[in-house]
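Chains as they are written, first to last, in my numbering: chain R, 1 to 286; chain Z, 1 to 782.
Don't take each hint at face value.
[Claimed, not checked] DEER-style ranges, computed between Cβ atoms:
#1 Z/Q695 <-> R/D253: 21 to 27 Å
#2 R/F2 <-> Z/R467: 42 to 48 Å
#3 Z/I192 <-> R/F6: 23 to 29 Å
Hints were generated in silico from the structure; no laboratory data involved.
Heads up, the beta-carbon is just placed ideally off N, CA and C, and yes, glycines get one too.
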Amino acid sequence: MFPAEFDYVRPASLDEALALLGSDDVKVIAGGHSLLPAMRLRLSQPQKLVDIGRLGELRYLKDVNMVLCIGALTSHYEIETSDLVRSRAPALQEAAAVIGDVQVRNKGTIGGSLAHADPAADYPAALIALNAAIRVRSRSGRREIAAREFFAGTYTTVLQPGELVTEICIPDAGHGSGQAYAKLRRRAADFATVGVCACLQVMDGRVQRAGIGVTGVGPQPYAAEAAVAALLHGPALPERIAAAAALVCQGVDVSDDLMAPAPYRAHAAAVYAREALTTALTRARG
Amino acid sequence: MATLMGEPVRRKEDRRLITGSGTYVDDVQLPGTVYAAFVRSPHAHARVKSIDTSAARRAPGVLAVVTGAEWKGGALPCGWQVTPDLKIAEHKALAAGEVHHVGDAVAVVVAGERAQARDAADLVVVEYEPLPAVIDLEEALQPGAPLVHSEMGTNVAYVWKAAGGDVEGAFAGAERIVKLRIVNQRIAGTPIEPRACLASYEPAGGNITLWTTTQMPYVTRTLLALTMGISEAKLRVVAPEVGGGFGVKLNLYAEEQVIPALAMQLKRPVKWVEERREHMAASIHGRDQIDYVEAACKADGTVLAMKWRVLGNMGGYLQVFTPGIPLFTAFVCNGAYRVPAISFEAVGIYTTTTPTDATRGAGRPEATHAVERLMDAIADDLGLDPADVRRRNFIRPEQFPFTTPLGIVYDSGQYEAALNKALQAVDYAGLKAEQARRRAAGDRVQLGIGLSSYVEICGLGPSQAVRGTGLGAPGWESATLRVSPTGKVTVVTGSCPTGQGHETAWSQLVASRLGCSFDDVEVLHGDTGLGGQGMGTYGSRSVPVGGGAIFVAAQKLIDKGRRIAAHQLECSVDDLVFEGGRYTVKGSPDRGMGFGDVALQAWLADKLPPGEEPGLEQTVFFDPPNFTFPFGTHICVAEVDTELGTTRIRRYLCIDDCGNVINPMIVDGQVHGGVVMGLAQAFYEQVVYDKATGQLLTPTFVEYGIPSAMEMPRMETDRTVTPTPSNPLGAKGIGEAGTIAASPAAVNAVVDALSPLGIRDLDMPMTPDRVWQAIQQAKGGR
Numbered sequence: 001m002f003p004a005e006f007d008y009v010r011p012a013s014l015d016e017a018l019a020l021l022g023s024d025d026v027k028v029i030a031g032g033h034s035l036l037p038a039m040r041l042r043l044s045q046p047q048k049l050v051d052i053g054r055l056g057e058l059r060y061l062k063d064v065n066m067v068l069c070i071g072a073l074t075s076h077y078e079i080e081t082s083d084l085v086r087s088r089a090p091a092l093q094e095a096a097a098v099i100g101d102v103q104v105r106n107k108g109t110i111g112g113s114l115a116h117a118d119p120a121a122d123y124p125a126a127l128i129a130l131n132a133a134i135r136v137r138s139r140s141g142r143r144e145i146a147a148r149e150f151f152a153g154t155y156t157t158v159l160q161p162g163e164l165v166t167e168i169c170i171p172d173a174g175h176g177s178g179q180a181y182a183k184l185r186r187r188a189a190d191f192a193t194v195g196v197c198a199c200l201q202v203m204d205g206r207v208q209r210a211g212i213g214v215t216g217v218g219p220q221p222y223a224a225e226a227a228v229a230a231l232l233h234g235p236a237l238p239e240r241i242a243a244a245a246a247l248v249c250q251g252v253d254v255s256d257d258l259m260a261p262a263p264y265r266a267h268a269a270a271v272y273a274r275e276a277l278t279t280a281l282t283r284a285r286g
Numbered sequence: 001m002a003t004l005m006g007e008p009v010r011r012k013e014d015r016r017l018i019t020g021s022g023t024y025v026d027d028v029q030l031p032g033t034v035y036a037a038f039v040r041s042p043h044a045h046a047r048v049k050s051i052d053t054s055a056a057r058r059a060p061g062v063l064a065v066v067t068g069a070e071w072k073g074g075a076l077p078c079g080w081q082v083t084p085d086l087k088i089a090e091h092k093a094l095a096a097g098e099v100h101h102v103g104d105a106v107a108v109v110v111a112g113e114r115a116q117a118r119d120a121a122d123l124v125v126v127e128y129e130p131l132p133a134v135i136d137l138e139e140a141l142q143p144g145a146p147l148v149h150s151e152m153g154t155n156v157a158y159v160w161k162a163a164g165g166d167v168e169g170a171f172a173g174a175e176r177i178v179k180l181r182i183v184n185q186r187i188a189g190t191p192i193e194p195r196a197c198l199a200s201y202e203p204a205g206g207n208i209t210l211w212t213t214t215q216m217p218y219v220t221r222t223l224l225a226l227t228m229g230i231s232e233a234k235l236r237v238v239a240p241e242v243g244g245g246f247g248v249k250l251n252l253y254a255e256e257q258v259i260p261a262l263a264m265q266l267k268r269p270v271k272w273v274e275e276r277r278e279h280m281a282a283s284i285h286g287r288d289q290i291d292y293v294e295a296a297c298k299a300d301g302t303v304l305a306m307k308w309r310v311l312g313n314m315g316g317y318l319q320v321f322t323p324g325i326p327l328f329t330a331f332v333c334n335g336a337y338r339v340p341a342i343s344f345e346a347v348g349i350y351t352t353t354t355p356t357d358a359t360r361g362a363g364r365p366e367a368t369h370a371v372e373r374l375m376d377a378i379a380d381d382l383g384l385d386p387a388d389v390r391r392r393n394f395i396r397p398e399q400f401p402f403t404t405p406l407g408i409v410y411d412s413g414q415y416e417a418a419l420n421k422a423l424q425a426v427d428y429a430g431l432k433a434e435q436a437r438r439r440a441a442g443d444r445v446q447l448g449i450g451l452s453s454y455v456e457i458c459g460l461g462p463s464q465a466v467r468g469t470g471l472g473a474p475g476w477e478s479a480t481l482r483v484s485p486t487g488k489v490t491v492v493t494g495s496c497p498t499g500q501g502h503e504t505a506w507s508q509l510v511a512s513r514l515g516c517s518f519d520d521v522e523v524l525h526g527d528t529g530l531g532g533q534g535m536g537t538y539g540s541r542s543v544p545v546g547g548g549a550i551f552v553a554a555q556k557l558i559d560k561g562r563r564i565a566a567h568q569l570e571c572s573v574d575d576l577v578f579e580g581g582r583y584t585v586k587g588s589p590d591r592g593m594g595f596g597d598v599a600l601q602a603w604l605a606d607k608l609p610p611g612e613e614p615g616l617e618q619t620v621f622f623d624p625p626n627f628t629f630p631f632g633t634h635i636c637v638a639e640v641d642t643e644l645g646t647t648r649i650r651r652y653l654c655i656d657d658c659g660n661v662i663n664p665m666i667v668d669g670q671v672h673g674g675v676v677m678g679l680a681q682a683f684y685e686q687v688v689y690d691k692a693t694g695q696l697l698t699p700t701f702v703e704y705g706i707p708s709a710m711e712m713p714r715m716e717t718d719r720t721v722t723p724t725p726s727n728p729l730g731a732k733g734i735g736e737a738g739t740i741a742a743s744p745a746a747v748n749a750v751v752d753a754l755s756p757l758g759i760r761d762l763d764m765p766m767t768p769d770r771v772w773q774a775i776q777q778a779k780g781g782r
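Using the sequences and the accompanying hints, generate a full structural model.
What follows is the structure in structure tokens.
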């Protein structure tokens, strides 16, 4: 398991890093927990690695006007243990806590995970449910992409050549909200067979806002629109949650692989959607 | 000092192993070493039409490229002639005409650096003409199935039969016949350290040294000498630290021929370290056996007879022990039960897959799985308690030595005592009551209790018996004990540890016998240059056979020491008592001599009895009179989520009996590791091939799901002690018992939990989707 030959550069600043990007044979490396295995299997053979892992300017967690802003190089472990994340986006913390094992969580970064776009990664479900935005930069400028629009396919995002994920922004879920991430995995350190994140805001017994993000089920993480529609503006009751959960795979080409055949995965997604929604509702009523 | 036996002494090898200072093959650094990389078939079955090595030869650092057509080595050996008409396919280290599994090597590249060798191997262009693949055992037997070796005209390598007792009569008179089809899926041993070889050639003397990851260095030397035309006198094989074996490293592999040949050709040290993806395709796999079993029963659950038909997947070639594995299923196919009549047929079948061979348990997990599933199926069928069915059929303590219908002689056992101890420890009645409550309430999570009252055959073994099965090797083990002038003891053992803790166990054994200190014993192993001999470590044979050799050697040293001491003390040898490392004259404890003093006198050699040789050294070849038969009962208590098909093991309890114990901590560790491998097979692991193309779909640990500590239950271990008469230690092997016991305990538990839904059997691995599917089918069927 030896990678093919490659060049390696470690820029000293974000601007320097952006200046090095732009061509297809250049890959960005941060924690390296997704890229290096692919390189060792020679599935990925970049000519050049740009190591941004030590750019401290991209490693932070902060509150900006009730928006939780997370630097792209923040590690899973930092997210898992942050008081700020616990108070503002607890479902994201639940997702971070079940990524890989402790060593992986200490090395892996949120920006790297998003850019790698594994179809069964944990963060996307949470970020979609929490209506997060992903901020990216390039030599020529910057833009903001809604998490639900960020994933374009298996291991594919809408990032253009030269663009780098720099920040993840999560709006406040609002008063009366509750959120939860539920994950089915074969082994403790595995990617999700099924992962569902639910965020509900309940006012006067009715669902005011709802977000459901799903990972591991289809070719890319997605927002479960039909399930959300079935809940919105209706009474927050268990039977409605069960009915909505049953719609969580609607319109999705459910994956079929060694980990789980499609019928099982679809069934498990509905069960986990029900569990995530039920927990979120309980917490919303807090 | 005598108290050392049976004490949980800390392992003396662990300081170096856990601080990273152990020396594995890849840690051996020789000046001028160059590196090999293999070119392997991406096809399950294909004809090699052409190989273009020109680009590889021009690549940076490349020193040599050898293709199958150029390879001059002899065929890799199959060492087990299980039937006179066994069909052995020619197996070359580098295939020339046809490849027969994904990972079959067709060429090798040597370069100055590892990465150069890997890069150059990718430049070798092989043109293949794909041929039809056949993966599945039952399909390989169908008329018109693709032939793996067309020249044979069949995929059947052999049919082996054995029978005893009136089987047909018993079936004719049976009140009930219970049948099962048991699938033991293909698994991989996956030691942490993959395989590796380093060979060095010294042209002046013509000497070759091969460092290799093996469980049997002496046998490797012999097989290598025979197949490569090298004198054993010129060949040294070293197994330094070996990072796990599990049977994977019990073979003569293609690379073990090729790497020394390259070292001779280039006159430079050549190293090869297996990549994990190579490992999954090119190192032997285990199991892949289908057992059709039938039991003829009385209405009270008494088993009158069994019929077995076993299909064993050989893979594309026969490795050293491949065809013999199903025979070990036969040897314990009656389990712990009397079963007066048995017929057994094993069919060895070629497929276009990686060869199978011994993998922790080797044939006995298959037997135990089928027998213990059968006991539960009989109980279920007749409405009896599974514990009662077992009790009704157990071989009773007074029936030992017990000869089975197939002629195997079980040594000793108290099977019901182990079962009762396990049932009591787990609170069987309490669990049954909870189970009844959950069933009545229709809980989403149901409770299952799985019993496995296993017995296995290990301690290979009596040479006459193993040779009688067609094995090309004997079953003895040897040991040399050498006492220095200062009373320190060097042990040269033929056993070859792969992490088990032999240095500790042998030190305890020697120290307790000779009365010296644990730290004064040095254990040497794994190097033919030590001048010992041996068969190595497999089949849980180290303690019962290798330990037996050490025990006898120590006894002979004690006897010689007694003669020397008697001469010095001017008394008769019969007047001396040897205890606590000291010879004393009976009745006068002040008159005596320590074993160390005797050693010094043996070295000084001026005051020895007439005719006594100087020195205190003894080599013993111990050939046991019989195998050993460890046994016990494992109980798995499982909670099965009927909505998701997921299982949580609430308790896992092991009552094992391996006779007398040298180090209980090591025994517990072996049980833990063994159970993990059994539960891994029950719930997680499976080597998967695409049925149509023969592609390996589980080439890395992403697809091949080895469980971690996080997935494993806490294990409660305890023992009963029934010594064996098969060796002077009274000890049975314990290296494989956990694996052998665990998978049926797990499946019995999950099936028990789901039996109210009408589920009668589940195949392994019991993945959530498979369990859920079974639940859906059961619901649909009602």
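Structure-based check of each hint:
1. Z/Q695 <-> R/D253: 21 to 27 Å: Once the Cβ atoms are compared, 23 Å apart, the range 21 to 27 Å for R/D253 and Z/Q695 holds.
2. R/F2 <-> Z/R467: 42 to 48 Å: 45 Å, holds
3. Z/I192 <-> R/F6: 23 to 29 Å: For R/F6 against Z/I192, whose Cβ atoms are near 28 Å apart, the range 23 to 29 Å holds.
The earlier numbered hints are all upheld by this structure, with none contradicted.
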